[in-house]
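Asks: According to the UniProt record's numbering, the sequence shown is numbered sequentially starting from 1.
No wet-lab data here; the hints were simulated from the structure.
Be aware that a few hints might be false.
[Claimed, not checked] For lysine-lysine, the following BS3-like pairs were computed, each having C-alpha atoms within a straight-line distance of at most 25 Å:
(1) LYS261 <-> LYS217
(2) LYS77 <-> LYS112
(3) LYS112 <-> LYS90
(4) LYS112 <-> LYS218
(5) LYS218 <-> LYS257
(6) LYS149 <-> LYS130
(7) LYS218 <-> LYS261
(8) LYS217 <-> LYS257
[What the hints assert, rightly or not] What follows is a list of derived Cβ distance ranges for each label pair:
(9) PRO276 <-> LYS149: 15 to 21 Å
(10) THR28 <-> ASP291: 18 to 24 Å
(11) ASP121 <-> ARG174: 49 to 55 Å
(12) ASP121 <-> PRO276: 22 to 28 Å
(13) MET219 <-> GLN37: 49 to 55 Å
(14) ASN177 <-> HIS67: 23 to 29 Å
(15) ASP3 <-> ARG56: 21 to 27 Å
(16) GLY253 <-> PRO159: 30 to 36 Å
(17) GLU92 <-> GLN37: 26 to 32 Å
(18) GLU189 <-> SER51: 54 to 60 Å
(19) ARG174 <-> GLU70: 52 to 58 Å
(20) GLU268 <-> ASP121: 28 to 34 Å
(21) ASP3 <-> PHE212: 53 to 59 Å
(22) GLN37 <-> GLU103: 28 to 34 Å
Backbone N, C-alpha and C define an ideal beta-carbon position, used for all residues, glycine too.
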Amino acid sequence: MMDQHLVVFVTVVERQNFSRAAEELHMTQPAVSQYIQTLERETGTRLLERSNKYVRLTKAGEIVYYHAKEITGLYDKMQMLVDDLTNNAKGELAIGASYTFGEYVLPHVIAKMQDRYPLIDPTISIGNTKEIEELVRNHQLDVGIVEGKFESKSLVMEPFAEDAMFIVLSSNHRFANQENEIVLSDLAEETWIVRENGSGTRAAVDEMFRLFEFAPKKMMEFGSTQLIKESVEAGLGISLLSQLTIRKELALGTLQKIWVKGLPFTREFSIVTQTPFQTKSVQVFLELVRDNNIFFK
1 MMDQHLVVFV
11 TVVERQNFSR
21 AAEELHMTQP
31 AVSQYIQTLE
41 RETGTRLLER
51 SNKYVRLTKA
61 GEIVYYHAKE
71 ITGLYDKMQM
81 LVDDLTNNAK
91 GELAIGASYT
101 FGEYVLPHVI
111 AKMQDRYPLI
121 DPTISIGNTK
131 EIEELVRNHQ
141 LDVGIVEGKF
151 ESKSLVMEPF
161 AEDAMFIVLS
171 SNHRFANQEN
181 EIVLSDLAEE
191 TWIVRENGSG
201 TRAAVDEMFR
211 LFEFAPKKMM
221 EFGSTQLIKE
231 SVEAGLGISL
241 LSQLTIRKEL
251 ALGTLQKIWV
261 KGLPFTREFS
271 IVTQTPFQTK
281 SVQVFLELVR
291 DNNIFFK
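Using the sequences and the hints given, assemble the complete structure.
Replies: The following block contains the structure:
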């Protein structure tokens with residue numbers, strides 16, 4: 001059985017309170033305190049700063065917490081894999097996705113999964129590609145869906161769909177309703193609104209600039225695709241966005257695609273896992289993800 005001291009420690013840290021941790025663990029508060037004291041004796045240093053109002057990690061506590069999360073995550077995954085040998089798909093499933101897939105495709109996948117497999121209890125984390133990759137690597141997510149490519153010896157990566165990206169602008173822009181194809185250099189004077197570093201969408205923009213040997217004179221960096229769309233609609237600038245994110249705006253006429261020679265730019269969406277051994281819950285989720293290629297046509 002997994003070391004209960006680590007379970008108690010992680011719970012205290014995440015609940016930031018001994019009494020709340022005791023309630024969640026169905027233990028007495030003195031028992032929780034005893035577990036923490038024993039763990040501190042074993043590690044040879046204080047792990048938590050305590051007061052009546054708060055519980056905070058020391059520097060040593062941060063190290064123990066980081067690795068305790070990995071250990072408890074690995075144990076839970078091992079137990080689920082063993083249970084799956086005889087049971088149906090059920091239990092907790094921690095899913096992570098980068099913003100484009102997470103906000104525009106994943107809700108439809110989850111709805112279908114809940115309809116077919118109601119015993120699966122999903123939790124969703126949305127972040128940029130770099131953040132999701134790190135959470136999967138640290139066993140805090142069972143599976144991630146990310147944009148673009150990255151190199152990793154510790155993760156299993158499976159491209160499963162291709163996404164087309166278009167340059168969009170306001171319906172009041174001088175290039176709106178342009179029927180003739182232009183070249184990217186015609187847009188050098190425009191303000192380009194882009195995502196932050198670490199985002200798959202930003203990586204696609206940077207790759208497009210590199211391929212076309214293009215350098216805009218002005219860029220603005222925003223941390224949200226929705227904010228970028230609103231800003232482009234308001235005439236603040238132009239952007240390169242996934243076809244998945246702009247369907248409603250194109251239908252309403254608040255955004256327009258601009259036809260640029262050599263575009264659309266394409267990128268891959270990939271499934272990221274820590275191990276080739278997958279629980280039944282992960283397996284059925286990934287089957288549904290792969291079936292949703294209709295979104296990319």
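Asks: With reference to the structure, classify each hint as holding or not holding.
Replies: Okay, the hints, checked on the actual structure:
no. : hint                          : verdict
1   : LYS261 <-> LYS217             : 20 Å, holds
2   : LYS77 <-> LYS112              : 24 Å, holds
3   : LYS112 <-> LYS90              : 15 Å, holds
4   : LYS112 <-> LYS218             : 43 Å, violated
5   : LYS218 <-> LYS257             : 20 Å, holds
6   : LYS149 <-> LYS130             : 10 Å, holds
7   : LYS218 <-> LYS261             : 21 Å, holds
8   : LYS217 <-> LYS257             : 21 Å, holds
9   : PRO276 <-> LYS149: 15 to 21 Å : 19 Å, holds
10  : THR28 <-> ASP291: 18 to 24 Å  : 49 Å, violated
11  : ASP121 <-> ARG174: 49 to 55 Å : 51 Å, holds
12  : ASP121 <-> PRO276: 22 to 28 Å : 24 Å, holds
13  : MET219 <-> GLN37: 49 to 55 Å  : 53 Å, holds
14  : ASN177 <-> HIS67: 23 to 29 Å  : 58 Å, violated
15  : ASP3 <-> ARG56: 21 to 27 Å    : 23 Å, holds
16  : GLY253 <-> PRO159: 30 to 36 Å : 33 Å, holds
17  : GLU92 <-> GLN37: 26 to 32 Å   : 30 Å, holds
18  : GLU189 <-> SER51: 54 to 60 Å  : 57 Å, holds
19  : ARG174 <-> GLU70: 52 to 58 Å  : 53 Å, holds
20  : GLU268 <-> ASP121: 28 to 34 Å : 29 Å, holds
21  : ASP3 <-> PHE212: 53 to 59 Å   : 55 Å, holds
22  : GLN37 <-> GLU103: 28 to 34 Å  : 45 Å, violated
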